[in-house]
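Put the complex together from the two separate chains, hints included.
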Amino acid sequence: MHLGLPTFRGGTHPPEMKELSRDLPVEVLPVPELLACSLSQGIGAPARPVVGVGEEVRRGQLIAEAGGFVSAALHAPTSGKVRSIGECPHPVGLRANAIFIEPDGADEWHPDARQELGEEAALALDAKEIVSKVQAAGIVGMGGAAFPTHVKLSPPPDKKIDTVILNGCECEPYLTADYRVMLERPGEIVKGLRLLVKAVGASRGIIGVEANKPEAHERLLREVRGVEGLSCRMVAVKYPQGAEKQLIKALLNREVPSGGLPMDAGALVQNVGTSVAVWEAVASGRPLTERVVTVSGECVERPGNLLCRIGVTLGDLLAARGVRAGARRLISGGPMMGLAQWNPEVPVMKGTSGLLVLDEPAPPEHVACINCGKCVEGCPAHLMPNRLSTMGERRNWEAMMDWNVLDCIECGVCTYQCPAKRPIVHWIKQGKNELRLLKIRAEAEKKKKEAPEGVPAE
Amino acid sequence: MSPESKNGIPNVPDKWLVTTSPHVRSPETVSQIMWTVVLALLPACVAGLVVFGWYAGLIMAIGVLSAMASEAVVQRVMRRPVTVSDGSAAVTGLLLALCLPADCSWYVPVVGSFVAIFIGKQVFGGLGRNYFNPALIGRAFLQFAFPDQLSMSKWKMLMRKPLLESLAGNIFNVGSGPVAEAMSAATPLATIKPPFPHGEMAADITPLEAVGRSLHNTAEDPWDVVRDLGLGNIPGCIGEVSKLALLLGGLILIANRYVNWRLPLAYILTAVTVALLLPVKSGGEWYGLWAGQWNVVGQLAVIHLLSGGLFLGAFYMITDMVTSPTTGRGQVIYGIAAGVLVALIRVYGGYPEGVCYSILLVNAGRLLIEKYSVPRVFGTSSGKA
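Residue numbers (the working numbering), protein chains in the order written: chain A, 1 to 458; chain B, 1001 to 1385.
With the rest of the complex left out, here is chain B (with noise of 0.2 Å):
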């Protein structure tokens, strides 16, 4: 580059970059993006920590680190360029961890994460080119791999204090920990899981009653139990406890629009609703909706809402951008079909909770449903030719 130009204009070079258009474009990146996730989720876990003790937190970071260090050793292996630093090896960890029991051996995150990124990314060409949730991939393998560690219906639960109190407790008063409150009690879900009438969830007693005896062993205030449920003093993985924790990082995803409100949405409200119509029975009878007992019907809709994975699946893992449809109606259709399959899981199905594998077999039909749902082309009166 010439200081002056044959034509005598200072600052002119030599030779003019030739660029197509556009020639701007918007500094968002992808590892940006992943990153925002990573952000987003430290709310949910901060909740790990606090119900949970500082055990989670090892399970969380063996979690990212190994699938950071697969995700490095994999692409070395396969002869690609390395891309530890775009996040997504970050996210898909992480996301594995939060879905993990807090008292897991320290080996099923670092199995996981290898499954998650080898075979639920890296075989399929990596980022972008995998039709399966990787995270999801590496939960499903460690449920038959490690059956008595991810048993789905009694979970650790380390403590009873309303969150607040216990985020105290960790602050100020560390030698006293957590861990001394340890116990092991069967999960809302479990608790609630047809066919009745079995342990806690007898013929004489509501839902939000069984549901806070079998965490407690004391029959509570229903309100009492709608805030643990909330707030994540419960039995249950990591990440998914805290109702609170999920719903701030799902905004955070939300407002940054890497998060279609939309897919969320259906998902939850698909899966509640269908959840409550689906016929039971207690003893012989006809139970809740089809008994019109509009009590129970009540209590049932807030344990399914608040309980199980449906929030971490719904703001984090069915919203993942590789894995679902990019149109506004798509997301919509693909969002209800996967909250149909949580009900049938949950209210039918051989495991209390079916988030996982809803979002999984989703996945598998997201090409298809996004093919069915093209905008329509604007001066046609249909989509596709």
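Extracted from the complex, chain A is given alone in its bound form (with noise of 0.2 Å):
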């Protein structure tokens, strides 16, 4: 089916569910009564407020600042009140600090943040100006991981990038966000990869479509053709196709080394509903206030790609879409690394693709290791997921650490093949987490031994 297209060694493919929402048009989510603006969007330090309880806001405005240079700035998605700050339910099953804003119904952007500039103009701009717009947006990855790109836009000067590559495979199950925003906005994201490249001084830029998109990639391909540098191309059809370091080694056949970053291998990868994001940061002045997330799921009445501004709850997806009866789990994200949800008020961030609505399935009793070699033949990292699995299971975390736990992308290949039904990523997540806190303590410990004596270590 898809021999010869460039992919990575591994994976598995379960079924892609995309037909529920691929063919749905992007819609608008109209602005709920109550926006919850977390400070921790993503990964670093969370934003700090630049606005009090009671300040009237504007859609744009700037409404907490970065917390540091790992970290992004937050803006207001719709003109309002502010509410309250305050703890709010975080994806990750914990709390975080969050802007409420009360819309006032009038959605005004603020004057700063309807700068048009015109094509050329943006296409003009130097590499230091982009980045500057692009941390000024408050832009993230919009893939997942929430990293801040600035960040990834400002590599150290030891670390040249050669290519800036797009990420259009959108691999997990049931998402389509990607896949609209490929065949509604192929010209931003286009312009987009543009000012990628430029930001960071690379000689070309290729967007990666999983060959189950075809008219994504047509569409793509009309976009580039023409334009220096930059190129659309097909790959197979994988889990996980989209995972940065599997899409470096199908398109540019380098490895990410152990333990180091894209740019280690003199690549850049952004989604390509992040590349949107930049082009209209840096061509319109607008921060990042909106994304599309696709409601799917065999438990969703109408699923759907919606268009909704960043702080709208899982709640108000569920209303807006219908839940039908059997509804029994809640997943953010996609269903292979998705995080499942327990509470309904958790808001949407700028790295949520998706919210998906699951029933129950029979609870996966899981059995010993029968060694049957599909976690290895999978897993896209090249491990022995097996070996790690019963390591786990008996909590010899430092024996994982021997068997390259850390080199793991958690990507759920080997869990969702495993015919044993082993929960192989929970235990490796939990490896990593336990040899995390044993490095921590060890270091204590070192410490106090090093601080002289008679002196009480901190």
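These aren't lab readings, by the way, just hints derived from the structure by calculation.
In this text, all values refer to a predicted model and were calculated from it rather than measured experimentally.
Ideal placement from N, C-alpha and C gives every residue a C-beta, glycine not left out.
Just to be clear, a hint being listed does not mean it is correct.
[Claimed, not checked] Capping the alpha-carbon separation at 30 Å, the derived lysine-lysine pairs in DSS-like fashion look like this: (1) A:439 x B:1371; (2) B:1371 x A:421; (3) A:432 x B:1015.
[Claimed, not checked] Example chain B residues on the side facing chain A (calculated, C-beta under 10 Å, incomplete): (4) 1009; (5) 1018; (6) 1020; (7) 1022; (8) 1034; (9) 1128; (10) 1129; (11) 1216; (12) 1323; (13) 1370; (14) 1375; (15) 1376.
[To be verified] Pulled from the structure, derived: some chain A residues nowhere near chain B, Cβ distances all over 10 Å: (16) 23; (17) 249; (18) 360.
Structural data, given as structure tokens:
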């Protein structure tokens, strides 16, 4: 089927389930009565509020500044009044501070956020200006990890990035948000890519699209035609083709070194949605205040792709699309790597790609590993998940270290395929966490020993 | 679960179920794999029935049922969950029965199944935790417990008609069953067992002629002998004789990706190649490859390939998931190691056939082979850090 298309070694192909929403154009979700703008949108330090309770804000106005270099600014998703600043449930299951905004219904833009540059002027900007506009717009990776984009665009001088890759794989089942963006806004994706290529001084930009999305590939191909240095390529339909390192391997045949970053392989990977956000930020001065979210799953009444403001809650999405009888699980993101949610008050983040409502599966009771080797064959990081799983089961964390547990990308292929239904990824995540704690403890011990006698260690 | 939750959305449960990723799982289960292996063994079972008659079917049934019963009893006594329905005991019992002679006593598979399940599997902790192939543990035990019944050089051979003809005979002419033609004959591997000359293997005839003579007491066209070897019209144990049936089942396993084709291929090719390479003398003279007798080499290759338990072992036993390495390279090394052992036993050892012991021996080296064949971790230049 996809013989000959570029890919990586390993992986699997779960049922795609994209037919539920792939042909439904993006719809705009009306602004709800309250928005919860989390200060912890992604990886990095939380943002610091710059507005007070009761203050009137307008759409696109800065409401929280970045809390450090690896952090992103936050902007009001609509016009209204700051009702409160306080705790709010977070998709990882903990709580984080958020700014709650009560919309006034006018949805008026802040003047700072309406600086139309025009296409030519935007494409003529230099690298530094592009990065600063991206940083000011609070853009983070919209594929899920939500890493601040300006950080990725500012590699240390000794790391030369020659290729920018746009990730249009969307290899997670159910999700179609990126697909719809590729169909509906291919021009902006490509213009965003031109800015990204320029921002890091790369010589070429490649858009990678899985072969199950030929229409998207065709539209993007039409847009890149005639643009120097840009191309759009099909890659094999295989999960996790959209994982950064696996996509670089497929398109460039380079491996990101263990423990390294894409820049160590001379590459920068951005999601197609992020590219649109970059173009909007640079050409129109518009900060990131909305994104497309796929709402799908067997237990959603009307699946769809919704353009919604950052800060609408999962409950708002459920209310808008309806829930079917038998709903038992709420997943933020895709079914392979997404996070199960227990609280519908969790807001949509800049990195929220989907919301799935699934029924209850027969609880997969796990049995002993029968050594079938499916996990070893499927592991895109070329690990031995069978060995890691028995070590995890026995809580033998240090041994996991010897078997390269830190190279695991937690894609879930091993666990998806396991006929013994072993929660391998769960044990691996736990192992990584335990190893981190062990390291912290060991460092503290070391400090204690090195401290001069009689001086109490802190 | 209330139909209407407090925020007014119908069908939203009071509590959402929180699970760890991935939230979808492939439908494949362990018992599905095990029962597929049983299914893949059916062609060999049918061939065994056709070649050896109804008593072979009884031995197979006793093997399966006694293995399942042993599993249930042992698990009950050991206070473990009873997992007979997962099909793994059925696979063990069937495999054991398939490597028994068709005329063994009814209690032979019973004893063998018990040893296979108890000592071969449950003592180690049950399915997935055993280091040796349980069916072969049972088989090795029976070899010593009932040496007369499991003589490896003389086996029952119940008929000498071509397979299709005898199948038709069995179906349409039940009364005059094949038992009437029962006889005992040397196996092809016993016939070509060095040192020469001995028995049929005289200096002036080729290996295929010798095998043909031992089977039918007449010198036949060598191609008839090859056909008999392939279809199963030869003496041997119940499940090993029909290479065609075993290949068919093996392809089912490969198509289902329960068997990596590299492992049986490495095993079979190595066994045959090394068996030919090992120097052998006949009447004080070099024989075969070392004497440049290419016709003999070709005939020996065919006999080594299509005789004994090589196919049964290659597709169903050495490929047992639990006891074989999971790495691709490891499987090839494993197959080669076992193949060398088969050849050594066949040519120099005390038995004409060495499949059972070759697999049990490499079972012991499985973890070692796996350890030194781990794949290169993505983004590194080596495997294990």
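With chain A as the partner, please determine if residue 1009 of chain B meets the hint condition of a C-beta pair closer than 10 Å. Interface hint status for residue 1009 of chain B: holds (5 Å vs cutoff 10 Å).
How about residue 1022 of chain B: closest beta carbon in chain A under 10 Å, or not? holds, 3 Å
Given the hinted pair residue 1371 of chain B and residue 421 of chain A, is their alpha-carbon gap at most 30 Å? holds, 24 Å
What's the verdict on residue 432 of chain A and residue 1015 of chain B, does the C-alpha distance respect the 30 Å limit or exceed it? holds, 29 Å
Please verify that hint: residue 1375 of chain B, Cβ, nearest Cβ of chain A, below 10 Å or not. holds, 4 Å
Does residue 360 of chain A sit more than 10 Å from chain B, CB to CB? Label violated. Min Cβ-Cβ 6 Å, cutoff 10 Å.
Identify whether the interface hint at residue 1370 of chain B stands, where standing means a beta carbon of chain A within less than 10 Å of its own. holds, 8 Å
Hey, does the residue 1034 of chain B contact hint survive, CB to chain A under 10 Å? Nearest chain A Cβ about 9 Å off; hint holds.
Is the hint on residue 1376 of chain B kept, meaning its closest Cβ partner in chain A is under 10 Å away? For residue 1376 of chain B, the interface hint holds, since the closest Cβ of chain A sits about 6 Å away, which is under 10 Å.
Confirm or reject the statement that residue 249 of chain A sits farther than 10 Å, beta carbon to beta carbon, from all of chain B. Non-interface label on residue 249 of chain A violated, nearest chain B Cβ at 8 Å vs cutoff 10 Å.
Would the hint on residue 1128 of chain B stand, with a C-beta cut-off of 10 Å toward chain A? holds, 3 Å
Would the stated hint for residue 1216 of chain B survive a check requiring a Cβ distance to chain A of less than 10 Å? violated, 44 Å
Checked against the numbered hints above, the structure breaks hints 11, 17, 18 and satisfies the rest.
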